[in-house]
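Using the sequences and the hints, build the whole thing.
The sequence shown begins at 1 in full-length UniProt numbering and counts up one residue at a time.
Fair warning: there could be bad hints in the mix.
[As the list claims (entries may be wrong)] Listed next, with one range per pair, are the computed distances between beta-carbon atoms:
1) Gly86 - Ser124: 40 to 50 angstroms
2) Ile159 - Glu126: 43 to 53 angstroms
3) Arg74 - Val28: 24 to 34 angstroms
4) Ile142 - Arg74: 19 to 29 angstroms
5) Ile35 - Ala56: 16 to 26 angstroms
6) Gly7 - Ala56: 43 to 53 angstroms
7) Arg116 - Val145: 37 to 47 angstroms
8) Arg116 - Thr163: 37 to 47 angstroms
9) Trp21 - Glu109: 26 to 36 angstroms
10) Val145 - Asp70: 14 to 24 angstroms
11) Ile142 - Thr23: 16 to 26 angstroms
Derived from the structure by calculation, the hints contain no laboratory data.
Ideal Cβ placement from N, Cα and C applies to all residues, glycine included.
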Amino acid sequence: MYGLADGIDGLNRWIGRTIAWGTIVMGVLQFTMVITRYVFGIGSVWIQESITYVFASLFMLGAASALLTDGHVRVDIWYREASPRGRAIVNLLGTLVFLWPVTGLILYESFPYVARSFAIREGSRETSGIPLLYLLKAEILIFAVLLALQGLSAVIRSIGVLTGRVPPAEDDAVPTLRVGH
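If you want it as structure tokens, here you go:
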């Protein structure tokens, strides 16, 4: 089971590092749009939509990586000061009670929406826009699956900490496996 958790963590870590380059791409696109619009008087729907696509991809594909690295927003009443066992309980219950039901609802509600978009190969409403809106909408499903998988990793590691099979790393907010690494 810990190999599965390691694989999920590795996947989301790789996706997070890869998609982070999108911030540079988004900055270059934004700079290009400002220069072309205000210096040359040329507007580009394609560049404007590209910025939206990159931003959406950063959020949707990077969310599970943020969960992995504990970079998400958390109302930290006592979590930071809690023992590794206490944090494992919070992570376990948070995944079971909040994360999985929400990701399940997202998958259930968005699948028909994304399927319709794929069926018609939905594109931009603008004539000169990006004709790949259906791919952007598919990221909704990927978002939910990656988050649910990262939740599975957290559940595996939290159970490992709670059962004493995995020694918790004192410096990590999310229990991680420290066997042979």
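Verification of the supplied hints:
no.	hint	in the structure
1	Gly86 - Ser124: 40 to 50 angstroms	holds (49 angstroms)
2	Ile159 - Glu126: 43 to 53 angstroms	holds (49 angstroms)
3	Arg74 - Val28: 24 to 34 angstroms	holds (32 angstroms)
4	Ile142 - Arg74: 19 to 29 angstroms	holds (23 angstroms)
5	Ile35 - Ala56: 16 to 26 angstroms	holds (23 angstroms)
6	Gly7 - Ala56: 43 to 53 angstroms	violated (26 angstroms)
7	Arg116 - Val145: 37 to 47 angstroms	violated (19 angstroms)
8	Arg116 - Thr163: 37 to 47 angstroms	holds (45 angstroms)
9	Trp21 - Glu109: 26 to 36 angstroms	holds (31 angstroms)
10	Val145 - Asp70: 14 to 24 angstroms	holds (20 angstroms)
11	Ile142 - Thr23: 16 to 26 angstroms	holds (19 angstroms)
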